[in-house]
Structures are given as C-alpha cells and as structure tokens.
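**Q** Top to bottom, those sequences are chains A, B and C.
The UniProt record's numbering applies: residue 1 is where the first sequence begins, and numbers increase by one.
The UniProt record's numbering applies: residue 1 is where the second sequence begins, and numbers increase by one.
The UniProt record's numbering applies: residue 1 is where the third sequence begins, and numbers increase by one.
By construction, these hints were calculated from the structure, which means they are not laboratory data.
Treat the hints with care, as some may be off.
[As the list claims (entries may be wrong)] Distance condition first, Cα-Cα at most 27 Å in a straight line; then the derived DSSO-like pairs of lysine-lysine:
#1 K90(A) to K277(B)
#2 K40(A) to K96(C)
#3 K96(B) to K90(A)
#4 K476(B) to K277(B)
#5 K27(A) to K476(B)
#6 K147(C) to K14(A)
#7 K242(C) to K96(C)
#8 K27(A) to K430(B)
#9 K90(A) to K147(C)
#10 K96(C) to K14(A)
#11 K426(B) to K27(A)
#12 K230(C) to K205(C)
#13 K242(C) to K90(A)
#14 K492(C) to K409(C)
#15 K277(B) to K40(A)
#16 K471(C) to K14(A)
#17 K14(A) to K105(B)
#18 K471(C) to K500(C)
#19 K430(B) to K40(A)
#20 K90(A) to K371(C)
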Amino acid sequence: MADISRADVEHLAKLAHISMSEAELEKMTGELGVIVDSVKTVQEAAGEDIPATSHPVALTNVFREDVIGHTYTAEESLANAPDAEDGRFKVPAILDEE
Amino acid sequence: MTTTPHSTDLIRLTAAEMAAKLRAGEITSVDLTQAHLDRIEAVEPTLNAFLHVSAEEALTTAAEVDKIRVAGGAEAEKLHPLAGVPIAIKDLIVTKGQPTTAASKILEGWMSPYDATVVEKIREAKLPILGKTNLDEFAMGSSTEHSAFGPTRNPWDIERIPGGSGGGSAAAVAAFEAPLALGTDTGGSIREPGAFTGTVGTKPTYGGVSRYGAIAMASSLDQIGPVTRTVEDAALLHELIGGHDPKDSTSLPEPVPALVDAARTHDVAGKKIGVIKQLATGEGYQQGVLDAFNSSLDALREAGAEIVEVDCPSFDYALGAYYLIMPSEASSNLARYDGVRYGTRVLPEEGPLTIERVMGATRAAGFGEEVKRRIILGTYALSAGYYDAYYGSAQKIRTLIQRDFDAAFEQADVLISPTAPTVAFKMGEKTDDPMAMYLNDIATIPANLAGIPGINVPAGLSDGLPVGIQFLAPAKEDARVYHAAAALEELLGGKGEVIWQQIPDLASSSVDV
Amino acid sequence: MTETQTEAQPLSFEEALEKYDPVLGFEVHVELNTKSKMFSSAPNAFGDEPNTNVNEVDLGLPGTLPVVNGKAVESAIKLGLALNCSIAEYCRFARKQYFYPDLPKNWQTSQYDEPIAYDGYLDVELDDGETFRVEIERAHMEEDAGKLTHAGTSGRIQGADYSLVDYNRTGVPLIEIVTKPITGAGERAPEIARAYVTAIRDIVKGLDISDARMERGNVRCDANVSLMPKGTTDFGTRSETKNVNSTRAVEQAVHFEIRRHAGILSTGGSIIQETRHWLETSRTTSSGRPKSDADDYRYFPEPDLVPITVTQEWIERLRAELPEPPAVRRRRLREAWGYSDAEFRDVVAAGLMDQIEETVEQGASPAVARKWWMGEISRLANARDIEPAALGVEPETIVALNVLIDEGKINDKIARQVLEHHLEGEGSPAEIVQARGLEVVSDDGALTAAVEKAMAENPDVVEKVAGGKLKAIGALIGPVMKETRGQADAGKVREIVLAKLGIEG
Ligand SMILES: [Mg+2]
Ligand SMILES: [Zn+2]
C-alpha cells in the first residue's frame, strides 16, 4: 500500500484549494493509496536513458505575429462574474499575500 | 411538412443520405431538424443524452439553409455538403448563445462569450446545432454516470451505461436524436462510448482538430472528434472540423487528409493488419467481445487482408502512465474554476470570509467526487519530491509506447483491437470502484499517449449489446483508419444497418408526426 | 506564521560592514513593449479602463489556449545577448501553479528549468568609474498578473474587506533576470544595487524592448540580501524585498536590509526567510509573507505550448540588430568628447547624453554642446520643473544658435533670448533674429557714434585705457551696449576704442 497518509491528503487538498471534511479526507486517503499503488508501476520501466515525451506530436516554434486582436468590453468581461464593482471582479478579503 | 417522408424514416438515414436528399431538394432542413427535435422530445425523458436543447437556434439555421437552397445560384453551390444536417455537441465544447457546463455544477449558468473553433466551422457550414450533450463531469469517467446533471442511459438497454465520457453524444446518435455529434477523446471518450452504443467515433491524430474551445481535461491527450453511425459520416464531419488553427499552438500545420475518399474505398486485399498482442487477450475480456473480434479478423482475412501479430510490451504500463499524466494535467487545467471570474461561487458555511476559504468551499461544492479524486491524484503526482517518480516516469512510458507503435507500424498498415474489453455494463456497477472503471480504457489510452488516430467501428452484437472494434494508424495517417473501418463496416453488412435494425424502439408512437 | 522575526535595532551601516559581508541577489522583471500580450492578441497597454484590454485567453475562460508572441521571444533573445548569456538551443514554458485572484488560470506561464538565456554577466559602472561584474544566472520569459485593489480603510491588503481585480495587465510579456549570488560587494553593496538596476534599465531601453519606466512598473526589482560574518563563506538566510520601483529605492532598500540583518544577527537573533515590502516614506522595509511548505508550485512543462528551438543563424541575425551596449557607448562618448569624469557623470545624470551626442553629430563642438545643454537649457527646464530632455529643444536649434554666434551675428546674451523666444514658438533662431532685429550692430558708423558718446561721457575711463590699463575698456562696453540695445559686438567696441586712442591691440 502506497505510503499516503491522511495528513498528506489534507496537504494536497489545501494545495488544490478543495475544502474537505474529515470523512472525505479519510475516504480519499484510502482511494488514493489504491490508485497510486497501481500506477506507480511506471517507475519499473522508466529507465534513466529514456527521454520524456511531453507532447505527443513534435512541433517547435509556433509563434504569433505581434498584432492586436479583439478585446472584450468591461461589460462582456464581467458578464459571468459572481460579483463585481467598478468594472472589476470583486473578491472577498485576501489574507495571504503573494 | 407535406413533402417529407415519414420522420421516423428520415432520422434513420445516414448523414450522407440526409445531405444528398437536402441537395436534391427532396427534403428540407427544417423538416429534418424538426424530425430530430421531435425524436429528442420523445426519448430524452428516458435517455438524458442532452443537457440543453436549442430548438429555436437549430430551426433558424435550418431555415437559412433551405432559403439558400431554394434561391439556388452561387450561394447554394457554395453550401457545405453537410449544410442543413443537424448536429449535437458535447457540452465540453464552448458555444456562444448556449450554456456550456462540462456537466459540472461549477460551471452551471456560464455562458461562453466565444465559440470553439470547431463550432465556428460548424456554424459556417450551416449545420443546425440541436444542443449540448451529456458527459462525465469535465470528461472524467467512462460511463457518463459522473455527470452533475444525471446519467445518460444506453439506448440498447436503459439499465446500462452508454460509456463515457461522451455517453451523451454516443447515445444521442445511437438513438437517432442526431445523425452527427462531436465528442472529445482523452483516453477513449469517443471510442469507448462508440463501442457501447454501436456508433462510429474517431480520435483524430493529436493536433489534427483544433482544441480551441474544448474545455481542457488533459491538454496533451485531448482531441475533438466525430461521432456518427457510419464511417463515411465520421469522415465527412472530420474533414469539416479538422485542419490547422492558429489559435491552438499544438495544431498541425498540414491540411486535413482526404478522409471521405478513404472511407469510400473498401478494398483491404494485401493490407497488413496488426493484432496487438497485449490488447487482444487476457483477463477482463468478455467472450462475446472476443468472438466479435475474431469474426472481424476472419472477415478481414477473407477479404484478402494479412493479419499479423504485433507486440507492444510497454502497453502494460500505459494505464499507469495515463492515470498519472491525465490527472496531473487535469489538476492544473481545473485550477481556474475558483468562483472568482465566472461560474458558481460558494461561501463557506462558517468561519471568516476570505478568498482562500471561498475558493475552497466553491471547489468543494462545485466539483463531483471523481473530479476531486483526479485533482488530488494529479496534485500529488506533480508535487515537490514526487514529480520525477510519477509525472516524469509517466512521460518516459509515453516515449516507450510511441516506440512500440513505431515498431508495430513497421509490420502493419493499421493495428486492430477490441475497443473495450466488455460490452456496456450496468449502471452503478463500477461507480464505487475507481480502478475497475479505469480498466475500461485499457485499449483506447495508448493512442492518446502516442498522439495517433483511432476509430471505433461497430462489429456486431453480443447478447443484444454492441461490440466495438478499434483501428489505429500512425500519426497523420487518419485516412488509414477510415479506410480499414469502412472496409470492416462493409464486410459486416454495410453501414451498420444490420445492427441498427435491432436497436430497441425507445419512443412511443407519438413520435410520428 | 509560526516563527516570529527577532526584532532588534538596526546597526549603523559602518558597524554592520565591520562585522558582516553582504551577499546580494536580484530578480528584475522587465515588462516588454510589444503591441500584444505574451500569449494572447489583446493589447499590451497601460492605463485603460479596467478589464477592457482582455479577451477570453486573458480571462482564463474555459477552453482557451495560449499562443506565444514571437516578438517577445526575439526580445528575450536580444536581452540575453546583451547580458552576455548563452541562448538555449531548446527551451520550454512551464506552469507555475498557485492560487491567487490576480492569476486567471491560477498558474503563471513561465520558464522553470529551461530558461531561454542563462550564464551571463553584466559589468556595471559605479560612480567613480570603476566597474563591478554581476554574474547573471538566467533570463526567462513569463507573463504578468492582473492588478488587485484592496478596498477598506487602509487600502492595503491587511484589513481590507474585499479586493477588486483588473485583468488588463495579465499576460503582459515579462522577462525575469536573475543574478547569481553577488559577493565581494562590501560597503559598495547599495551602490552596486543601484548601478545594476540602472544598467538593466538602460539596456532594455537601448534595445527598445521595454518602455523601461520604473515608476510605471515596467522595470521592477526584487532585492535579496543576506549577511555572512566576516571571514566566513556560508551564506546566511536571505530576505527578499519585493517590487522596489526606483533605482534610488533599490539602493536604500539594500542599505536598510544590511543594517536590519546586522542588528538581528549581532544580538544573537536569526533571520527568517521571508518577503519584505519597501516603505518609501520611512525608507525601511516591513515584513511580508514567510516562505513556507505551501510554496509547492508543482511546475510542469506547459502542454498547450510547444518547445522553442533557437538556431545559431537566428541568434546571429538578432545579434546584428543589437545596439552598442550602454556602458560601451558611455565610455566611447566620454573619450570622444574629452569631458572630465565629473562633467560626464553630470551629463548622464541629467539624461542628456543622447541630446549632446546628436548636437555634436550636427556640427557643434562637445564643449559648446555641453555648455548649452547643461547650462541654459537645464536652467530653463529647472524653472519649469521638468527634465531638460523634455523641454522640447532640438539639437539643430542649438547648432543653429551656435552658427549665428560664430558668424558674429549675435552674442551669447542675445542667443539666450533667442532660445526663449524659440521655446515660445517664434520659429527658428535665424527667423527670430531677423524678425526681432536682434543682429549684432557691427555697422561701423552707428557703433562708432555710440563709442564716441561713451568715451565723451567717461573721460576717467578713457584716461585709464590710454595709460595702458586695457582692461578698463570693459567699463565702456556697458554704456555702448545700452546705447545699441545690447546688439553691439564687444570685440568690435574694443577695436574702435583702441583705434581712437592709437593703441596697438
Ligand atoms: Mg521570482
Ligand atoms: Zn517572475
């Protein structure tokens, strides 16, 4: 069984910004353990010398011309906003600072 | 209405036949569209294949096409071959003027201010858009049971699932609610529902169809593709939606290959078809599936194809690699749903009202269980100290799988396997066992990991339920899968007519108008 | 926050330097002046109505995808070359993931272990003309975030009731330049900090890849400071003062942080690793956010973008477009003009190097150009409370004025008046002289009359001159000028006086 603790899942939930109840954390810990156990077999075959593939079809240097395209009006930008004020998106207080 | 053939017959035509009748002026697009809307009204209470039906918009487009046809001249000449043939769109693809939810509560009520590139193309070609089809939330699932708006049922047996994530599109096409639909395929979400509903579905070469406007699950795996009842119809739709898009950096620069031509050629004599050892036997494969597969091989062999066995040893790690890469990318792609700019915002029930806690509560209430499971798994796989072991290793497996395919395509023109190890399973059968659900995708995910094209084509029934066969071809050789699939379709009785005669009649007689 | 910063009185700078060696590090963010954004075609523009310079990509709407601005990549390569970096043959973008409301996708598209430019250096020029080499770790491309406004009594994040987000700035192309740890700066650390940021600003301006206006945040500096006890080589814990946006403030922030660290360390305390804010009013820093375990950015290669490969031909084509590096240019001009170090420094400080260079190119001598720009023009600008370069005087105007002087048509005093009239919009110097009849009176008849009048009214002066005190002629020039309304040529006056007295000039 993969070494994933409830505290690990709690940390992951925090990183992922998903509030979880005790019961959910408990359940998720068990499920995650099972899944990780079955997927971690990839390590057996992933030798040092094998390059990683991040893109299935190899393209390089796809660029855009530096030309201005369409924009939204403030009204269009905010059309789906849960909350707005003064043409801006309104969010509750931020405690943590980046 | 008076000149129209019986509408129940009309909806059973192939898209190519509908198009031909429209062009010949034998039917109108309004009648054709209305016939499908009637069918939707009749069977939706049972199936729940649609999350939104846009009758008015579809009929407006249909009337426009009819008007152009009646007027004739250059405008009518310029109409796309599929103009006036209705289509349904998976609700993972954004549309202006119609809601897009990804079958998630977190996007409930969201209206996209822009169209996906494929939707732009469909509008330009004037295909009436019937509505948006159901799916597993954010395309995460193999049964369409993980939709926040209720599961879709399989028209072959309403106690069973239609496959997923594109169960809505597959069921809609199988139940004659739409002749054409769009799906998305990240690990088999077009092909596996295809197998379970008897529909044809293609996962194009990665980059062959623009992803712009397809709500991302796993960016390096996702592809939009056609869902239809015949190979030819799939090719017609694929040619319409394919091609380069400057808005998608991963879009291939090449034009779409001649897929319709390929789908109209059925000769497989001398072609080498490779049976993937790892995907043709083993535990988990139902006998009925293997029987249909073997009959298909026999038919192909009789038609002159050479059947060879190919070995793809790294496929044993494909599922592991997929269930690391997909959740990793998904955990990132779904970070934007936080209740700040759009979608649902949920306030915490107690405690201080900070943005952190509001995001946490929004995502807790807005995402379903499977989505949360994958986000947590992906967050784990990418987190400090684990990246190399998980995401990094999985990307190496990707390289190995590509190498296996490269070697296999040295020996064969196309590869073949059952699309899914089983026929459609019962609703609720696997919802409590994520790993059992994941195992469904065993045959379809290697193509996504490698970026190559794959198609599902129905290959008969097993105890009244469809069995699907998958063809795979090298990247950018999508024409080969159409050719092989069309050949098999022909060998097994022609455009699936044999199986469609056996689908249960879902609707009451009141459908007839 | 579990740990609290040890509080202690900052040491004096001198005391701090007696005990510790500072180690510096800088992360400078440069906003590029491309027309469109890094990954979307929305305009890269400043000061517009909130949430109007955005499209679906900038708002992070479902289904959207990024496409790289090729111009921004070229800017990054050029900057890399200007910083003497190696340019990566192959590099990728990565997602740096953290949730913050100014980040529409809740990740920043940046570069992680594969920056486009790496391993460079910059020789920065200090006030005394010495140069100090700053090693560059990397320069990478990324996107800017949106702008948060905190509503509440303080306007600061702490205690705000709510915040408002404007996404206009999201996706603006940035290049982040990261130095290697800078050791050996000693007491010159604050000066080096200022000189380094000034040099970066001048380079990006010279390359024309950024508007380089620090007050607008086009160039923003995060300054890292740590101390090691003298004689030791293990780096101490660092603090990172974020977003310092003037070269002077960077100098002051480093100065203060050295003193603050020394105060804590010398009383047995320990520094906690944290970000700090620069407080312009008190010229101190305040505690920001501690680095914590939560800083797990889960970087991975951006799957929606394809890798960038840079060929040698591409590099050479861009290298050929590079302007002369600012430091090289300064050295060349100082030598060519023959100014003293102090004179040259003043010119640079006044921001008049370009103007003087152009004035000299158009034919004025370096001395004359300096005299005008650093003298009268600076004085006029000062009176108007603007930068001399912003006064609107063209180099050709100065050259034209000087030609008139050389031809003897006007004198210095008149030239200054002409300049003022020019600034009032009266036309070219020649036109003004013509229109206002300001040409020096060299017509012998009128001038001789004026000189005779002055000599008659000042017999005592005439006597002194006749007695050999030639300097006394000066006392006659004033009255002659008065008579001719300032248009007399002083040399000519002298000639006439001497001739009348029969003295050999
Ligand atoms: Mg930084
Ligand atoms: Zn940065």
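**Q** For each hint, tell me whether it holds in the structure or not.
**A** Against the structure, the hints:
Proximity of K90(A) to K277(B) is assessed by CA-CA distance (about 57 Å); at most 27 Å being required, the pair is judged violated. The suggested pairing of K40(A) with K96(C) holds, with an alpha-carbon distance near 24 Å, which does not exceed 27 Å. Restraint check: the Cα-Cα separation between K96(B) and K90(A) comes to about 25 Å, which is no more than 27 Å; the hinted pair holds. Our distance criterion of 27 Å between C-alpha atoms is met by K476(B) and K277(B), whose separation comes to about 24 Å.
Taken as a hint, the K27(A) and K476(B) pair is broken in the structure, with Cα atoms around 43 Å apart against an allowance of 27 Å. Among the hinted pairs, K147(C) with K14(A) is consistent with the structure: their alpha-carbon atoms are about 24 Å apart, no more than 27 Å. Pair hint K242(C) plus K96(C) holds up; C-alpha atoms about 18 Å apart against a cutoff of 27 Å. Restraint check: the Cα-Cα separation between K27(A) and K430(B) comes to about 17 Å, which is no more than 27 Å; the hinted pair holds.
Proposed proximity of K90(A) and K147(C) is supported: the alpha carbons are some 12 Å apart, at most 27 Å. Between the alpha carbons of K96(C) and K14(A) the distance comes to roughly 16 Å, so the proposed pair stays at or under 27 Å and holds. Between K426(B) and K27(A) the alpha-carbon distance is near 24 Å, which keeps this suggested pair within the 27 Å criterion. A threshold of 27 Å between alpha carbons decides the hint, and for K230(C) with K205(C) the separation of about 38 Å lies outside it, so the pair is violated.
Taken as a hint, the K242(C) and K90(A) pair is honoured in the structure, with Cα atoms around 25 Å apart against an allowance of 27 Å. With a C-alpha separation of about 12 Å, the suggested pair K492(C) and K409(C) falls inside the 27 Å cut-off, and the hint holds. A hinted pair counts as satisfied when its Cα atoms are at most 27 Å apart, and K277(B) with K40(A) qualifies at roughly 23 Å. The suggested pairing of K471(C) with K14(A) is violated, with an alpha-carbon distance near 89 Å, which exceeds 27 Å.
Proposed proximity of K14(A) and K105(B) is supported: the alpha carbons are some 21 Å apart, at most 27 Å. Simply put, K471(C) and K500(C) have alpha-carbon atoms about 16 Å apart, close enough for the 27 Å limit, and the pair holds. At roughly 22 Å between alpha-carbon atoms, K430(B) and K40(A) fall within 27 Å of each other, so this suggested pair holds. Of the pairs offered as hints, the one joining K90(A) and K371(C) is violated, with about 56 Å between alpha carbons and a cut-off of 27 Å exceeded.
This entry does not satisfy hints 1, 5, 12, 16 and 20, going by the numbered hints stated previously.
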